[in-house]
Amino acid sequence: MAEEVSRKPYVREMTYRWIFRHPRYLRYMAREFSCLFIGAWTLMMVWGLKQLAEGRASWEAFLEMLRSPWSIAFQCLALGFSLYHTVTWFNLTPKALPVQVGESFLPDAVIAGAHYAVWAVLSLVLLKLAGAY
Amino acid sequence: MSERVVELEVLRYNPETDSEPHFQRYSVACREEWVVLDALNQVKENLDATLSYRWSCHMAVCGSCGMMINGEPKLACKSFLRNYDGVIRVEPLAHFPIERDLVTVIDDFMAKLARVRPYLIPKQEKPVSEGEYRQTPAELNKFKRYSMCINCMLCYAACPEYGLIPRYIGPAAIALAHRYNQDSRDGGRDLRQEEIAATEGAWECSFVGACSEVCPEHVDPAGAIQQVKIKSTVDWYTEHLMPWLKK
Numbered sequence: 001m002a003e004e005v006s007r008k009p010y011v012r013e014m015t016y017r018w019i020f021r022h023p024r025y026l027r028y029m030a031r032e033f034s035c036l037f038i039g040a041w042t043l044m045m046v047w048g049l050k051q052l053a054e055g056r057a058s059w060e061a062f063l064e065m066l067r068s069p070w071s072i073a074f075q076c077l078a079l080g081f082s083l084y085h086t087v088t089w090f091n092l093t094p095k096a097l098p099v100q101v102g103e104s105f106l107p108d109a110v111i112a113g114a115h116y117a118v119w120a121v122l123s124l125v126l127l128k129l130a131g132a133y
Numbered sequence: 134m135s136e137r138v139v140e141l142e143v144l145r146y147n148p149e150t151d152s153e154p155h156f157q158r159y160s161v162a163c164r165e166e167w168v169v170l171d172a173l174n175q176v177k178e179n180l181d182a183t184l185s186y187r188w189s190c191h192m193a194v195c196g197s198c199g200m201m202i203n204g205e206p207k208l209a210c211k212s213f214l215r216n217y218d219g220v221i222r223v224e225p226l227a228h229f230p231i232e233r234d235l236v237t238v239i240d241d242f243m244a245k246l247a248r249v250r251p252y253l254i255p256k257q258e259k260p261v262s263e264g265e266y267r268q269t270p271a272e273l274n275k276f277k278r279y280s281m282c283i284n285c286m287l288c289y290a291a292c293p294e295y296g297l298i299p300r301y302i303g304p305a306a307i308a309l310a311h312r313y314n315q316d317s318r319d320g321g322r323d324l325r326q327e328e329i330a331a332t333e334g335a336w337e338c339s340f341v342g343a344c345s346e347v348c349p350e351h352v353d354p355a356g357a358i359q360q361v362k363i364k365s366t367v368d369w370y371t372e373h374l375m376p377w378l379k380k
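For the record, the sequence lines run as chains A and B. According to the numbering used here, the stretch in the first sequence is residues 1 to 133, in order. According to the numbering used here, the stretch in the second sequence is residues 134 to 380, in order.
By construction, these hints were calculated from the structure, which means they are not laboratory data. None of these values were measured; they are calculated from a predicted model. It is possible that part of the hints are untrue.
[What the hints assert, rightly or not] Below 16 Å or equal to it, Euclidean Cα-Cα: the simulated EDC-like pairs (lysine to aspartate or glutamate) are:
hint	chain 1	residue 1	chain 2	residue 2
1	B	K362	B	E328
2	A	K8	B	D151
3	A	K8	B	D319
4	B	K277	A	E54
5	A	K8	B	E149
6	B	K275	A	E103
7	B	K275	B	D240
[Said to hold, decoys possible] Calculated from the model, a selection of chain B residues having no Cβ within reach of chain A, i.e. all distances over 12 Å:
hint	residue
8	L170
9	D171
10	D181
11	A182
12	A244
13	P251
14	Y252
15	R322
16	W369
17	M375
All C-beta atoms, glycine included, are put in the ideal place defined by N, C-alpha and C.
The following block holds chain B by itself, in its conformation from the complex (with noise of 0.2 Å):
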């Protein structure tokens, strides 16, 4: 098995001692076939164990290591060294504050999603008795593709509407709501519209696209948005234009 050196340029940053954040340069031997996350652990593991960053499952399932990666939003676990020349630097994800080295503050991210409501709210209850909420595979096919989101981020730190305007509720959390409006089993619509449909929602957006160059599942949360923005205009020239179709 083949072996390199890689230069890592990570940004460090410690709250306690740090006024701002600096980079420092590591040295690591790596296998070929590693991925920059392995890299790290390496750093952890043998050069300096006071480097912080997240990370859990190493299969881009679970979102946590997403990261700069020489200034791009990547997964740590899915960026192989062989894709680099030179010195790879390494950075917290954009447009999030920095807890510490490579660990952003995501508390914005997770009250925006909370927001969204990003779960099943059933157009009628029924008792488990009653048996399970059926779906054809057309009607699963229409939103299964915003079903895939891992909420990683990288499309926050990739959107430039959501670092100039942070009250923008931004792609994931749009893109998820979506993705449950969609949903032949739903009902929730009119109470994810007052988020999604307000100006903080879809209409900070104006089509960048960076959101899904960047997202490693394939969502596509701009073409979500999109969508939100054309349904949501349907539904503002229904209302005033045809309220008797409303009910």
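In isolation and in its complexed conformation, chain A is listed as follows (with noise of 0.2 Å):
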């Protein structure tokens, strides 16, 4: 008869450097991340529409505040991270929304081009309404 072995499985704890195991990992990090600032943009577009209900002083304040050195920084890192945000969860869209028609699924190039095509239009009204042209 065989002996009996005795069992004690070794449990690895998990630490912070799973992000760094692979660069997927730390891309997906950075997607994540990105809400940080594209939060922090709408909270300064927040305090924005208030500047501008308090009188056209707070509103004048408001808009030097945007064009100080610091604001511009601020605002391209927020326009880089939320393109980034963008792009990453559009070119995820094709796993998420599968379209088959009949036998076979949509290309995915055709799925995530939707969504690209998408926010182009409601960009250009959203410029259109703001009168950018």
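Two chains, two frames, some hints: make the complex.
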């Protein structure tokens, strides 16, 4: 009869180092991190609305603040992160929204492309409403 | 046939003598066309018979030889030595307890797999005399991709959510549940939703996407999980805003 073997499974603790195990985890964390910049920028816009409601002087001061080098640096960073956020999520849409036509599925580029197209159209409408052209 | 000496660094753990795992280095004479599993077999047969690891088919079908190779979850039978330079570091699959050497404790995955009922639950049972349950090629293609899973658990080793939140049902189990939910012959979706639409199910996933990147069978569990989220959301709105649509 076989000798009984004792069990003592070893559990490895998970540390923050998983983020550096492969570039994909860093890319994921960058995508998650991007929401902080988008959130901060949105709060800044809400603050701007409040300044607008308080009258001309407050609004002018807000615009002046927007023109400061720190503000421009922050807005460039926020723009970069929001573009990264948008592109990474749009490129994932074919996984979440596969469209089957007959026996086969629409190519990924069509699903992601449709999102980019809607994004472009909505941006143009917003710019039109804002009087940019 | 060309040969080369491959340096293997293998994580060893003997539960009877070790308090924690340690690396052991082997210099293994290997043929150029070998895979990592061949190198391990060479160690087992000629250098150190005490080395433990799981394997069976040697052709990426059985899903037994999943392990971390240079930190990445891989099937040892599908990882060609020629694709690696220098020392090859081999460790047991991440996020699972180590039973011994490269053998992990997989009870947690097996229990979760059973919970999602990964088998056909016919809408209406019928006797064999009434013939088979028929399906069109389009109906088959709807789920075929998710049926390719070989339960190798590489996706669990790649998923940081599973590593951080062990109660998460995980990629393969949800993908398999989705596979049966998508099957035109199946009627067991409500039962599976209890498991996969819960917090411990699809909603624990934050779409890292690593599971799909490491899957040796291109199952795309990440896609399946997002589809489960969308369908579960539609369920919720249907139930709360349009209850008359639900029987």
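Hint check:
no.	hint	result
1	B:K362 <-> B:E328	holds (12 Å)
2	A:K8 <-> B:D151	holds (10 Å)
3	A:K8 <-> B:D319	violated (41 Å)
4	B:K277 <-> A:E54	violated (60 Å)
5	A:K8 <-> B:E149	holds (8 Å)
6	B:K275 <-> A:E103	holds (8 Å)
7	B:K275 <-> B:D240	violated (30 Å)
8	L170	holds (22 Å)
9	D171	holds (25 Å)
10	D181	holds (18 Å)
11	A182	holds (16 Å)
12	A244	holds (15 Å)
13	P251	holds (21 Å)
14	Y252	holds (24 Å)
15	R322	holds (18 Å)
16	W369	holds (17 Å)
17	M375	holds (21 Å)
Figure legend: structure checked against the earlier numbered hints; hints not met, in rising order: 3, 4, 7.
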